[in-house]
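> Go ahead and model the full structure; you've got the sequences and the hints to work with.
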Amino acid sequence: MRAFRSEWVKLSRRNTLLGFGGAMVGFAVLFTILAFVNAGGGSVDLDGGESEDFVNAAMLSLPEGSVFAITSVGGFLGIIALALFASNLAGEFNKGTIRMLFVTEPNRLKLLAGKIAALISFVAVGVAATLAATVGVGALLAPGAGVETAAWWTSDGLAAIGSAYVNLTAAALVPALIAATIAVITRSAAIAISVGAAWFILGEMLLGTFWDSLAEWGPAAATNALAVGGAGGAGTMGGAAPVIAYGAAALLALGYCILSVAISATVLVRRDVTS
Amino acid sequence: MTSIRTIGLTKDFGDLRAVDSINMDLPQGGVAGFVGPNGSGKSTTIRMLLGLIKPTSGAAEVLGHSIDNPSAYLHRVGGLIEAPAFYPSLTGEENLRVFAALGGFARGRIAEMLDLVGLGDRGGDKYKNYSLGMKQRLGIALALLPDPDLLVLDEPTNGLDPQGIVEIRSLLMDLGAGGKTVFVSSHLLAEIEAACDSIVMIDHGGVVFAGTMVDLLNRNSPTIRAAAENDIDTIRLIELATNAGYSSTRVNGAIEIDAPSVWAPDLNRLAWQAGITLKELQATSADLEQAFFAMTGNNKTGSK
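Residue numbers (our numbering), protein chains in the order written: chain A, 1142 to 1416; chain B, 86 to 389.
Here are some, though not all, of the chain B residues that point toward chain A, as calculated from beta-carbon distances under 7 Å:
1) 135
2) 136
3) 155
4) 156
5) 183
6) 184
7) 186
8) 189
None of these hints come from the bench; they were simulated from the model. Model, not experiment: these values are computed from the prediction. Glycine included, every Cβ here is placed at the ideal spot set by N, Cα and C.
Here it is as structure tokens:
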């Protein structure tokens, strides 16, 4: 608990709130605006040809319409969380603060647990703010886009918002915890962020073209499936629709999270602090 | 009871033996210096005592607890390891809040410690805007935050101006006199000599001396300088020293005798009995710098 409170002293500073929190909310608001403009017929087809609408007013008028935009691009929240976790963990080594942290809290497992719990809570608060902004902006833009919002406030609509919150938060933690592990091993934020982001944005998708089964168990595939509610949902970030069922995706995500934390803990406990 | 005890403490980094079977017993209370050339193993030893690295072999106790279980004693220890490291975008006060929250230290001590190290009016400035001396002071404030029984400071006066050095020296001496144990490494030998009651000197990973400062200085070429009122008696003074078994050298009308300071009263008595009136009699010990170079085998340019 002490490590949790200590971490929040850093997380609650303006730069972090505006940087990471602002990026999550800002990105969600941007995509919500694009979705409602698109649904309102305001899209611009650059090649002059006909294209299928990404979203239309009917889709946004469904009970889950309020969170359609954010769940469709939920993977980006994971990339922001990834950057937060990696820069936080690697930064302790780069700045040399890790040695004073270990002297102040010699139980390294407690320190890691408190740190990760604080970072998870930051992401959870960020996703909540993101959803609130998405729904709020969507409600403001709905009349102009011809979207009927009555279904959003039904029990199904509120359940969809609740599910989106749980799924997006859980989906963001998989890349974040994997990047944290890379950061602990390499002690470099640049390596952790670039390797993590490259894998989740493109790497796994490219490898999947040679290795079909990766779409059934890869961390990016599991994350995307979790974000959109499992197989049958729309693909995130323009990717293919997920093939992993929701339950399997949740188990896979849990497995990746546990494995990542276990590796981070093992490395952190066993490592000599020499710099 | 000892504050720090090491028994054959050894640390290897691959093929390099950084610390070689160090044995020392540091009593509780007072200020103890920890000196040695660069790369002699000081920081590695301190890191082992603070639980940051594990020894390859040997054992050590801090405040009666094995270093295998740092949680048992580190809440009573304040540490500053090499250059202070903090979060650049936080203020000095916010940095201390991070560690106070982590260690469960009273928040009220933050302002108190900032005042103590002379940062009372700069605690609200961002750490990245601090001078090297201010960063060092903040590091000392952090080390003092838990109100420790043992303070382990690695080069605490780095970057401080002369006034700052005097202030920190005075602070450490006050802490030592107040019953706390201060274990301080520094390359400023004059500072160590001025502030410390005891000293541990290491070289090439091993202890070359551990004991009181007085013992160290007496052990290293103490001399007695004496001058007769009449130059003609100088030869007779040399004879008195020789007869007592001490060699001497004539220097500018006086003689310097390689003898411990305790022999000075005997020389005075012998000279009086021989009818020699002394116009000068002074016992001098080697200073720490001389002792350091003598014991580490280094010359003053640092070559070995």
